[in-house]
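Chain residues, written in single-letter form:
Protein chains: 2
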Amino acid sequence: MGTAGVIVDPGDMAAYLREPREAFFGRAPCVVKPRSAREVASVLALCNEAGVGVVPQGGNTGLVGGQTPDESGAQIVLSLQKLDKIREIDPASDTMTVEAGAILANVQAAAEAVGRYFPLSLAAEGSCTIGGNLATNAGGVHVIAYGATRDLALGLEVALADGRLLSGLSKLRKDNTGYDLAHLFIGSEGTLGIITAATLKLFPLPRSRATAFVGLADPRAALKLLTLAKARAGSALVAFELIPRIGVEFTTRHIAGVRDPLAGAHGWYVLMELASPAESGVEDQLTELLGEAMEQGIAEDAALAATLEQRAGLWKLRETMPEAQKPEGVSIKHDVSVPLESIPDFLAEASALVAVHAPGARPTPFGHMGDGNIHYNISQPEGADRVVFLARREEINALVHGLVTKYAGSVSAEHGIGALKRDLLRKVKDPVALELMRAIKSALDPKGILNPGKLL
Amino acid sequence: MGTAGVIVDPGDMAAYLREPREAFFGRAPCVVKPRSAREVASVLALCNEAGVGVVPQGGNTGLVGGQTPDESGAQIVLSLQKLDKIREIDPASDTMTVEAGAILANVQAAAEAVGRYFPLSLAAEGSCTIGGNLATNAGGVHVIAYGATRDLALGLEVALADGRLLSGLSKLRKDNTGYDLAHLFIGSEGTLGIITAATLKLFPLPRSRATAFVGLADPRAALKLLTLAKARAGSALVAFELIPRIGVEFTTRHIAGVRDPLAGAHGWYVLMELASPAESGVEDQLTELLGEAMEQGIAEDAALAATLEQRAGLWKLRETMPEAQKPEGVSIKHDVSVPLESIPDFLAEASALVAVHAPGARPTPFGHMGDGNIHYNISQPEGADRVVFLARREEINALVHGLVTKYAGSVSAEHGIGALKRDLLRKVKDPVALELMRAIKSALDPKGILNPGKLL
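Those protein sequences? They're chains H and D, same order as listed.
Start counting the first sequence at 1; every next residue gets the next number (full-length UniProt numbering).
Start counting the second sequence at 1; every next residue gets the next number (full-length UniProt numbering).
One thing to keep in mind: the hints can contain errors.
Simulated pairs of lysine-lysine, DSS-like, Cα-Cα distance not exceeding 27 Å [unchecked claim]:
#1 H/K406 - D/K85
#2 H/K441 - D/K429
#3 D/K333 - D/K406
Since the hints were derived computationally from the structure, they do not count as laboratory data.
Build the full structure now, drawing on both the sequences and the hints.
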């Protein structure tokens, strides 16, 4: 790889050994930055031979510590940053082939430049990479209409533990020739192979959007609104985000330029968006739908974005929620999902548990209700000691995750397992599923060099 | 299982040992019909212990011989027919949990009974089972809008080779807790485990449809129409089927009640359909879209179905194409896919190859153009000897599949590998992919009892 591809200087390595929040960090003898899939494969062949662990890293934006080495100093970091080419765009086939290190925002922009749409969208899109998105099966705000990252890939190129290169790039929408290997690597967090490139699906560019902010009494009303919106708008419903009253309070209080779009106060809110490749129609559709929701007593009030600026304002309220929690003190967070039908009961019971076990703590559950995915964040009690509250993290995690399990939900809806939830996974996952995962891991990475200590 | 669950009488076994076309058949010491997932698992535990091969069978409608035993008489058939319960429908979560032996048409009807839509639709829906659909990742006519069977499942219950039962049923739309095991079993044709139940996604019921039959000059014009239709209608485009002139000739000639919907003759045709959960709008959308296609010189003529009866007539023309080929003699068939962009070149070159190597033979390529999936059927030359033409099957297969490979296509777009294409798979698949498939097979079924001789 030449000296340019290997970083050993501690100062230059620092940014790769910790993630930005500094919640996860470790040591490494070096960071390697291969320039091609072949170089990635060669590094793996050598490490497999030598029994050295390899931690793949994309944009280093993951939230569960999947992308940083442990503290042993025995694992190297393999950064995909130099594999950032968009290899091909084929608008007629509605596909694009990109290397793992391409920044998500660049992928989105390249699609748009040829009049197509790549729908994956999440807060970190300016710095996360498509390889990381695939390795973690990233979710985001449009899963309700387009699926998660796994649903957006047609084929993968993957460097395997022993240095073989799987050439699975494909523009095909249908291919029933054997086991679906792409789905095995997607979401495996770099523990089965290192994704070096992917062929992605492109979609028609939406030419019209309509966005509304709806005030309602409770999550049960929000579920009714979701059912109604799906029945009326189908796949034109591209976002359905739940926000509690306290989220409006926090954001209007702490984020410059955020204002409450509705005159009165409501218990809960939904930010919903319709989009269509047609030039018009979705505004009328949304207006009609909201009229029906008001008539049926589902919605209490609603504001439609009349301008792009107003739309941006509504989304800003939603997207700055995590940031707005910071001035209120520390938070204990959960990235969970439950069946749609169980969301109202889950939220009510979780809130009751918090009231009993952490009086004064402020639940701020928000997120992708259309996918059953709630970011169950809990802000500390006003004025309480940060350290004392955070010391109760594991206890409160156990309460929330216990409730998730009761409702047959997931303790990691979209962020993955990484280092953070590895031990938790062992407790909550079906034992047979864990056995199968271990059998597959052993078959594909017998020496255990791929992202050791993560996920399994 | 009791004597009622085990068939040993040769007469009673006969229907399970051959598929309806009699292209694949074999022998078996017995056919077992378990009544529960636990019983399926128990049978597998015993067979694994004894080293006896097990051939899982659903509705016995597969086209590649995946569901019948070989002629050794050493494999038993395990029919899923008695596992036919719909365990639960949850309209609020938009999910339904069904057992493997449930007939697809019953699954569709059960969804519709609660005002929901299960979009998988194919010719065999009256007798194929959802377990078979999952095991083979069945396609059908609505893949363009809803995906193939794998995209419609949220979780699986699977009996493993050694008798363990994987409890992976799930109503969750997002769950990033480890490897996606469901996608591994889906499309594995019963070689990694036997699917006993699945949780399926439900969709809003379409309340309006618009269907058109479009005459155009050639497949390149059809590709332009597809691009235009996607740009204008997005996911409202639920079917886009290509039909050659000879298909219209065959069906109008041989199928009672089929008539040519257009006044003049055209080189090629597209049957396209828009659907929406809205009560109206798609007809106008389709009319506008077709107007644009005529203006741009893409379409030569078009007929819109004005009544349900007319719509049924258009679909009958498309769906009876295989049947209409029979009175014209024998056919050599291919279930292939290529990238959308390559469809016109693939069709032109395949036609030229046939003209050179089998003069007089009549290519009748039709199918799911929106997915790049063409059923490249070739009817024998008029009046030629059936046996002489069929004797050239392998030679002609090799020509067509060679062309498919040139365009990075698939030799089995939706029918799977089974026994028919097992040897072909070895020749066309990336060797590293084959190695990975074998490694996974060994890890999950070390004694090789699951559907031996199929796929791998």
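Verification of the supplied hints:
| no. | hint | result |
| --- | --- | --- |
| 1 | H/K406 - D/K85 | 25 Å, holds |
| 2 | H/K441 - D/K429 | 23 Å, holds |
| 3 | D/K333 - D/K406 | 19 Å, holds |
Consistency note: the structure conflicts with none of the earlier hints.
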